[in-house]
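**Q** Sequence:
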Amino acid sequence: MLARAGREVLVCESHSVPGGVAHSFSRNGYEFDSGPSLLSGCSTPVSANPLRLVLNALGEDCDWATYPGWRMVTPDGDFEFKVGDEAHWEDIVARFGTRKAVEEWRALMAITKPLGEISKSIPAAALRGDLGAVQTLQRFFPRLPALLLNGPKFQAPFSDLLRDAGVQDTFLKKWMDYICFVLQALPADTHPSAPVAYMISDMYEPGAFLDYPRGGMGALISALERGVTKHRGRIRYNAHVEEIVAARGKAKGVRLRSGERILAREAVISNASVWDTAKLLPEGTRWPMPKPVECGSFMHLHLGLNAKGLPNDMPLHYSVIRDWKEPIDATGNVVIISVPSVVNPSLAPAGRHCLHAYLAATEPYELWQGMKRGSSEYEAFKRERAAPLFEAVEKAVPGACENIELELIGSPLTHARFNRRHRGTYGPFMPSSAGMLPGPSTPVDGLLCCGDSTFPGIGVPAAVASGCAAANVLLSVEEHLEATLLEAPKNLREHFPIAFADPVVACWCAYARLCLRWGTAGPRR
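Everything in the sequence shown is counted per UniProt numbering, starting at 1 for the first residue and increasing by one.
Misleading hints may appear alongside valid ones.
[Unchecked claim] Here are the in silico distance ranges between beta carbons for each label pair:
| # | residue 1 | residue 2 | range |
| --- | --- | --- | --- |
| 1 | R27 | R255 | 32 to 40 Å |
| 2 | L38 | W287 | 32 to 40 Å |
| 3 | G399 | W287 | 48 to 56 Å |
| 4 | P443 | I262 | 20 to 28 Å |
| 5 | P75 | N312 | 19 to 27 Å |
| 6 | S16 | K372 | 21 to 29 Å |
| 7 | E117 | S16 | 39 to 47 Å |
| 8 | P345 | P75 | 30 to 38 Å |
| 9 | R27 | R214 | 14 to 22 Å |
| 10 | D445 | P364 | 36 to 44 Å |
| 11 | T66 | R255 | 41 to 49 Å |
| 12 | P364 | G259 | 31 to 39 Å |
| 13 | G166 | Y67 | 27 to 35 Å |
| 14 | P45 | E326 | 36 to 44 Å |
[Unchecked claim] Taking lysine to aspartate or glutamate pairs in the DMTMM-like style, the calculated list, with each CA pair at most 20 Å apart, reads:
| # | residue 1 | residue 2 |
| --- | --- | --- |
| 15 | K279 | D445 |
| 16 | K252 | E283 |
| 17 | K173 | E80 |
| 18 | K113 | D160 |
| 19 | K325 | D78 |
| 20 | K395 | D323 |
| 21 | K325 | D76 |
| 22 | K173 | D160 |
| 23 | K173 | D323 |
| 24 | K153 | D164 |
| 25 | K279 | E242 |
| 26 | K174 | D189 |
These are calculated hints, taken from the structure and not from any lab test.
Cβ coordinates follow ideal geometry from the N, Cα and C atoms, glycine included.
Work out the full structure: start from the sequences and follow the hints.
**A** As structure tokens, then:
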């Protein structure tokens with residue numbers, strides 16, 4: 001977004017390829033996603049998803065495959081979860097729940113959906129951390145009172161909303177625990193309500209669907225990469241930052257592992273975790289950072305499968321629950337599986353499938369400390385700890401384990417090494433009782449932070465929103481509006497119609513666009 005606004009931008013990428021935890025990699029003709037692959041609100045230009053808003057502003061896109069949902073594999077029975085089909089969902093609730101379960105679900109939706117709509121009504125692209133927010137948010141003022149009035153509900157644990165809705169049904173409670181966990185690795189009694197309300201509003205919106213970029217997640221990363229370079233930004237690969245150079249309390253630039261020093265004219269932006277950013281700063285420059293809870297790490301399984309004899313009705317995604325009676329965040333209890341070659345056959349050789357399974361945020365790093373990668377002990381322990389992944393894959397896709405032609409197992413040490421993550425952690429989280437994660441600004445002048453250690457936290461849309469927030473700190477109000485809001489008036493007008501209902505605001509927007517067209521300065525800070 002800074003490159004789009006005309007800033008001189010240099011991205012120092014530690015690896016030889018971009019994308020971080022969302023990058024793709026190739027092995028023996030298979031194209032694998034390293035991490036997230038479940039997206040929504042990306043294939044349509046009218047969306048509240050921050051990622052879609054950024055792609056719109058950059059003039060970039062992917063070729064998107066759309067699909068209806070994912071398959072749940074549970075001890076009580078399997079079912080298809082279809083987003084955007086509430087009638088189908090209520091049939092599932094009636095099947096697995098008690099006699100009053102559907103009634104309780106409707107009561108929960110009556111409370112949750114309005115909160116979700118409020119949280120979606122102000123796009124991440126409009127947010128700023130200074131008084132310029134008065135201008136960038138003025139068109140959304142009609143929604144601000146509702147947002148402020150419901151502030152305590154947004155920060156409260158989602159279990160409070162379950163209580164307020166009178167939800168007693170065990171299946172519904174387990175389902176919402178699962179939704180909270182896959183969103184940000186927290187159960188419902190700890191997870192803040194705001195992101196859950198947003199997700200529910202999104203998933204249960206009539207006609208909703210999920211998106212997957214053809215070519216894999218690497219295709220999405222390529223679109224963002226083009227968005228940087230087409231606006232004269234630069235990306236340097238194999239440029240690992242060893243230190244943030246600072247003097248007199250101000251960040252001056254970075255020192256690379258090669259010894260090269262790069263000075264910043266305006267600011268240094270770190271998207272490393274809170275723990276890794278602290279390690280990059282000189283001793284005298286560190287400040288008392290917030291103390292978020294450290295999520296556990298991952299076990300990963302990437303498989304190349306012969307498709308012969310495998311089910312013909314495989315969905316793109318599965319969630320496998322080992323035991324509903326255990327806490328949802330118990331080690332090995334939830335396995336997420338994706339088979340993207342189902343919708344994008346070119347990701348695997350002919351007659352083959354690529355499969356990615358992982359245990360998210362539940363693998364203790366302590367078990368792996370001191371192990372030497374590549375040792376026989378390490379390899380044996382990897383296979384032992386990956387056993388729940390193989391079991392889940394076989395449950396979800398019968399016959400898969402007999403058809404393995406390529407097998408890659410990743411551990412917390414893999415995660416720490418390739419993602420440059422402190423202890424291979426999934427990320428930080430702040431329980432609802434501990435307040436919110438910090439914004440992009442820091443006590444070190446010239447240093448901004450973004451990524452999952454800043455608000456809104458873990459997840460692809462959240463990370464994108466945090467990047468927008470960091471960019472907006474450095475942009476004037478005029479640049480902010482040009483780069484993010486006024487470039488996509490149709491998008492915003494269709495998705496946030498109430499924001500454009502005020503004639504005064506409409507006149508202001510028209511004036512700003514005319515200023516841009518005539519090349520005059522326009523409204524400034």
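**Q** For each hint, tell me whether it holds in the structure or not.
**A** Okay, the hints, checked on the actual structure:
For R27 paired with R255, a C-beta distance near 34 Å keeps the hint of 32 to 40 Å intact. Between L38 and W287 the C-beta distance comes to about 36 Å, which sits within the given range of 32 to 40 Å. Remark: the range hint 48 to 56 Å for G399 to W287 is upheld by a beta-carbon distance near 55 Å. Distance hint check: the CB atoms of P443 and I262 are about 22 Å apart, consistent with the given range 20 to 28 Å.
Taking the beta carbon of each, P75 and N312 are about 25 Å apart, inside 19 to 27 Å as hinted. A C-beta distance of roughly 24 Å is found between S16 and K372, which places it inside the suggested range of 21 to 29 Å. For the pair E117 and S16, the supplied restraint of 39 to 47 Å holds, since their beta-carbon distance comes to about 43 Å. For P345 and P75, the Cβ-Cβ distance of about 32 Å falls inside the hinted range of 30 to 38 Å, so the restraint holds.
Checked against the given bound of 14 to 22 Å, the beta carbons of R27 and R214, roughly 19 Å apart, stay inside it. Distance hint check for D445 and P364: the Cβ-Cβ separation is about 38 Å, which falls inside the suggested range of 36 to 44 Å. Between T66 and R255 the C-beta distance comes to about 45 Å, which sits within the given range of 41 to 49 Å. For the pair P364 and G259, the supplied restraint of 31 to 39 Å holds, since their beta-carbon distance comes to about 36 Å.
Range check, G166 to Y67: about 34 Å between beta-carbon atoms, so the 27 to 35 Å window is met. Taken as a hint, the range 36 to 44 Å holds for the pair P45 and E326, whose Cβ atoms sit roughly 42 Å apart. Note on K279 and D445: the hinted pairing holds, with a Cα-Cα distance of about 17 Å set against a maximum of 20 Å. Between K252 and E283, the direct Cα distance comes to roughly 15 Å. Compliance with the 20 Å bound is thereby established for this hinted pair.
At roughly 18 Å between alpha-carbon atoms, K173 and E80 fall within 20 Å of each other, so this suggested pair holds. At most 20 Å may separate the alpha-carbon atoms for a hinted pair to count; K113 and D160 meet this at roughly 15 Å. Using a Cα cut-off of 20 Å, the hinted pair K325 and D78 holds, with the two alpha carbons roughly 16 Å apart. Restraint check for K395 and D323: satisfied, since their Cα atoms lie roughly 13 Å apart, inside the 20 Å limit.
Note on K325 and D76: the hinted pairing holds, with a Cα-Cα distance of about 11 Å set against a maximum of 20 Å. At most 20 Å may separate the alpha-carbon atoms for a hinted pair to count; K173 and D160 meet this at roughly 12 Å. Note on K173 and D323: the hinted pairing holds, with a Cα-Cα distance of about 14 Å set against a maximum of 20 Å. Between K153 and D164 the alpha-carbon distance is near 11 Å, which keeps this suggested pair within the 20 Å criterion.
Among the hinted pairs, K279 with E242 is consistent with the structure: their alpha-carbon atoms are about 9 Å apart, no more than 20 Å. Restraint check: the Cα-Cα separation between K174 and D189 comes to about 11 Å, which is no more than 20 Å; the hinted pair holds.
Hint violations for this structure: none, all hints satisfied.
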